[in-house]
Amino acid sequence: MTEATVQPLTALPAGKGGTVSALDLPGDVRARLLELGLVVGTHVEMVRFAPLGDPVEIRFRGCNLSLRRHEADGILVETTP
Amino acid sequence: MSADLLTAQPCKPEASRQRGSRQNPAPKLVVLTGNPNCGKTTLFNALTGLRAKVANYAGVTVERKEGRLLGDSTAPPVTILDLPGAYSLSPQSPDEQIVRDVLLQHCKDVSAPDMVVLVADASNLERNLYFATQVIELGYPTVIALNMMDVARANGREVDCARLARELGVPVFPMVASSREGVPELRDHIIGFSINPDAHPIGRALCQLPPDFQAEVEQIARWLPNRRKGSNARLSAAEAVLILTDERYLPRADSGESSDLGEKVRDARKRLEQKAIDWRTAAIEARYACVGAIHKLVVCETLSLSETPSDKLDRVLTHKVWGTLFFIFVMAVMFQSIFTLARIPTHLLENGIAWIGSGISRLLSPGDLRSLLVDGVVAGVGAVMVFLPQICLLFLFIALLEETGYMARAAFLMDRVMGKVGLHGKSFIPLLSSFACAVPGILAARTIEHPKDRLVTILIAPLMSCSARLPVYTLLIAACIPDKQIAGPLRLPGLVMLGLYTLGIVVAMGLAWLAKKTLLKSHMPLMILELPPYRRPLIRTLFRHMWERASLFVQRAGTVILGINILLWFLATYPRNPTVENSYRTQRHQLTALAAAENPAPRQLDEEKLHAKLRELDKQLAGERLRGSFVGRLGRFIEPAIAPLGFDWKIGIGILSSFAARELFVSTMAVVYNVGSGGDTDEDRLGLVQTLREQKRSDGTPLYTTLTGLALLVFYAIALQCAGTAVVIFRETNSLGWALAELLCLGAIAWAMSFLTYQGGRFLGLQ
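Those protein sequences? They're chains W and Z, same order as listed. Residues 4 to 84 in the numbering used here are what the first sequence spells out, letter by letter. Residues 17 to 783 in the numbering used here are what the second sequence spells out, letter by letter.
For the record, the hints were derived by calculation from the structure and aren't laboratory data. Just to be clear, a hint being listed does not mean it is correct.
Listed below are the simulated DSS-like cross-link pairs for lysine-lysine, each with C-alpha atoms no more than 25 Å apart in a straight line [stated by the list, open to error]:
#: 1; chain 1: Z; residue 1: K328; chain 2: W; residue 2: K19
#: 2; chain 1: Z; residue 1: K69; chain 2: Z; residue 2: K81
#: 3; chain 1: Z; residue 1: K336; chain 2: Z; residue 2: K436
#: 4; chain 1: W; residue 1: K19; chain 2: Z; residue 2: K336
#: 5; chain 1: Z; residue 1: K124; chain 2: Z; residue 2: K69
#: 6; chain 1: Z; residue 1: K291; chain 2: Z; residue 2: K280
As the structure is a prediction and not an experimental result, all values here were calculated from the model.
Isolated chain W (complex conformation) (with noise of 0.2 Å):
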């Protein structure tokens, strides 16, 4: 077994996702991720960057957001390899 790793959703390449452990975000786009269903422990996919690297697009819960990169950065995800 390996340990879970805890890491921004950025950090990881096109394709791949892992579990909300935490957003490290300030109140109002905390509030509104949150309420876009992306609450502790929500499955959420980093689909693709947008051409020059930022925004970038993620999926959760079947729908798919596009937010900037350093609001995306603070969406800290747990993967297991």
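Let chain W serve as the given structure and place chain Z on it in line with the hints.
This is chain Z only, laid out in the frame that chain W set:
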């Protein structure tokens, strides 16, 4: 602005009850609400037909759409209000603020809803249920319109509607609103409700909050003002949850909340923190726990699709290379059509207007009334109509992009580029359209949800060099810029043209950056954008969208633009100098009399000569009249202000007249210099260019030097000399202040840049 639409609607719940007891009851108010992209507007259209009224909510630029429910004429009337899309009752945008205010009965110009139709997307049920359960818990008679059943099925999801209705405690209507499937059943249900409202189940509490949190909620709810109709207790409890979780909450005196409520909320939060409950997230997490459980019970995955068709399409359309190429292609097609294709209907309209004008001219004898009708009213109506082809085409495109879901992808692709200057990815299309015309461009900024991003986009849109500037650029470049070769195929006139477009963009980007840094600083630019699945658009929805935009423009902006045009006609026509008029009349008579006396039997050639002479005289009279009019006097009045830019008072007349439409500079200068209409034919244009080159200052040096030309071009590239744009800014920002500030600000920048060009050039010894 929008309150007038509500004349049939009582403003207060009490009034509604009074009316309800009369012979002819007030219509029941049914609100449609749901997440963005759930097909709410499609359902609204299916329920109300083609007679929706569109306006703004009082004080904000959020669109308000309402219509009468189609159907049984014997049943009591029902008004359907289509609320903007919302993800939650904790607002993050003006749209969501309106949804919350209407549902919590805080909105002064909307009466309390009698029934709520919650539209949910079956293909994305879990996220939709979050908002749905929030709304159900408000305690209104509620029904769920479970839309996009076809998409859910195609994605391999079966929804057990009977089970969902049981779990939520309200009726559920499965439907495909785009093909009207399931819509008649919902319509019948609403009609049934309007006949017998009391039989309908009302929403109940669904989600289990942590007990300590629940206790605090009940405390706060008790302090909320008691002023509602319907299930008061449920509404207060729901609002208390929202207040407790909202970091930015401040008591609202206008809603009757006492000022010590803020204190009580702070105390409650402190108590929760002591019990290690995060008041910011507790309610959200509890709701997702509840929603997740319901979702598991009612949705059955029949097919496990790793990738929906929409995902496959996205692989290409948001691809680094193919996606970018496709985006450029779409934008090029869109721009070409509003720039080139729109000219065909525009020409037809112009010809039609000219035909009406000449028709009136034939019917009436020459005089002030004819001039008012032809040059004031008909030309003014024309000035409004010419915007319509571009507006219609652009909004047809925008509707297509929105309805297919591509708009969000375009914003995704452009966000980084626009973000460099603090703009939003969605600012791209409004700004691009502004190169054709700022009026549709500014209207298109409605697609930007964030109010500050939207405002900045509106304010910089007029700096994009629009097609009305082209005739001015062409004339001045031909007259003032020497046709020198610079390098290879590059020639000076072409470079100047390119420079003017660039100048507008650079000033716009600078202003946007400055505005975002100072005046419109927002603490956190929220750029969370849903990328909805691709959908096939409905043709009727596209045209309906286009029609609404065009008619709104005519109603809201058209009337003001017409008024300004008539005012400008007045200023350019009066006062008349009787001495001048008499002297020309005498000269005309003399010419005709002379011709008659010399040739008792006039030959063809002499006839033509006489007409040429008379035309010459008419041109002189027109020039004399304009120079002596109010506009002429204003030109002289502003001469000291524009002299440092190298302009004389005649150029001042051109600048002032351009306000009706920039391209009028060309024809105005032709009248000022006694060369008639100008610009109608190539010959006229060459004549005007020649005339400009011949103009001299009082000291005998040429007036239209390269430097004067450049200064004037720079002025035209920046200044907001367009009544249409100014009016649309006023209407779209809902503020005369912003429109005037924009007018002055761009005027000042234009002046300063022209000053630098002219005086800097002179300092460097250029001529």
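(request) Taking the numbered hints from earlier one at a time, note which ones the structure violates and give those numbers from smallest to largest. (result) Of the numbered hints, all hold.
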